[in-house]
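Colleague: Line order of the protein sequences matches chains X and U.
The first sequence lines up with residues 1407 to 1461 when you count with this note's numbering.
The second sequence lines up with residues 52 to 198 when you count with this note's numbering.
These are calculated hints, taken from the structure and not from any lab test.
C-beta atoms are modelled at their ideal positions from N, C-alpha and C, and glycine is treated no differently.
One or more of the hints may lead you astray.
Facing chain X, a subset of chain U residues (Cβ under 10 Å, in silico) [stated by the list, open to error]: (1) Leu93; (2) Gln94; (3) Thr97; (4) Leu142; (5) Asp143; (6) Phe148; (7) Pro152.
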Amino acid sequence: MIRAEAVDAAEFPDLANQFRVQGVPQTVINAGKGSAVGAIPEGRMLAEIKNALQN
Amino acid sequence: MEKLLNQEVAGQIKQAFDNLTNPVQILYFGSQENCDYCAETLQLLTEVSEIDERVSLSTYDLAADSALAAKFQVDKAPAIIIAGKDGEEILDLGIQFSGIPSGYEFSTLINDILLASARDSGLSAETREYLKTLEKPLHMQVFVTPT
């Protein structure tokens, strides 16, 4: 149900470009439904996930 | 072939692996096509798995083992799945690394192995409660640069 994938942005530049990744770390949720830039605390990540799943 | 991990680093990993509880299965997916870092990634994983017998490595090819790749939702190479192991059964924990875990990301790989062994996400009760209620799949891709 839940997959967490670390992606090397340099090795997969097409994917990084597709999601407009400009800085790292950047977390892309469900192929662009949501996005979070930087190393953010768990609570904020949870809010981003909730938000993304509503879209 | 020259080792990627020097003795000092291998010693540190051995120490970290003292805390392993459950066995861990690493699945490596490589490709014959257009994969600059496949060989190096495989060598790195081989050296890591040789440090502790509770860490096993199995190697696959994205094209030749497409059914298994699909099962773990692997669509690129090199890709690494960090899974649990229960006897002969592989437990998919949803942990994947796409690309070579070198530089700063090497410690992410080691931490992933420790996490998979403990089978504990370390998340708060609130987060766990919410995630239990998920009705559709959640895929989080964390873009990183290993240098």
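Colleague: Look at each hint and say if it fits the structure.
Modeller: A quick look at each hint next to the structure:
no.	hint	result
1	Leu93	violated, 15 Å
2	Gln94	violated, 16 Å
3	Thr97	violated, 19 Å
4	Leu142	violated, 14 Å
5	Asp143	holds, 9 Å
6	Phe148	holds, 5 Å
7	Pro152	holds, 8 Å
Hints 1, 2, 3 and 4, counting from the list given before, are not met by this structure.
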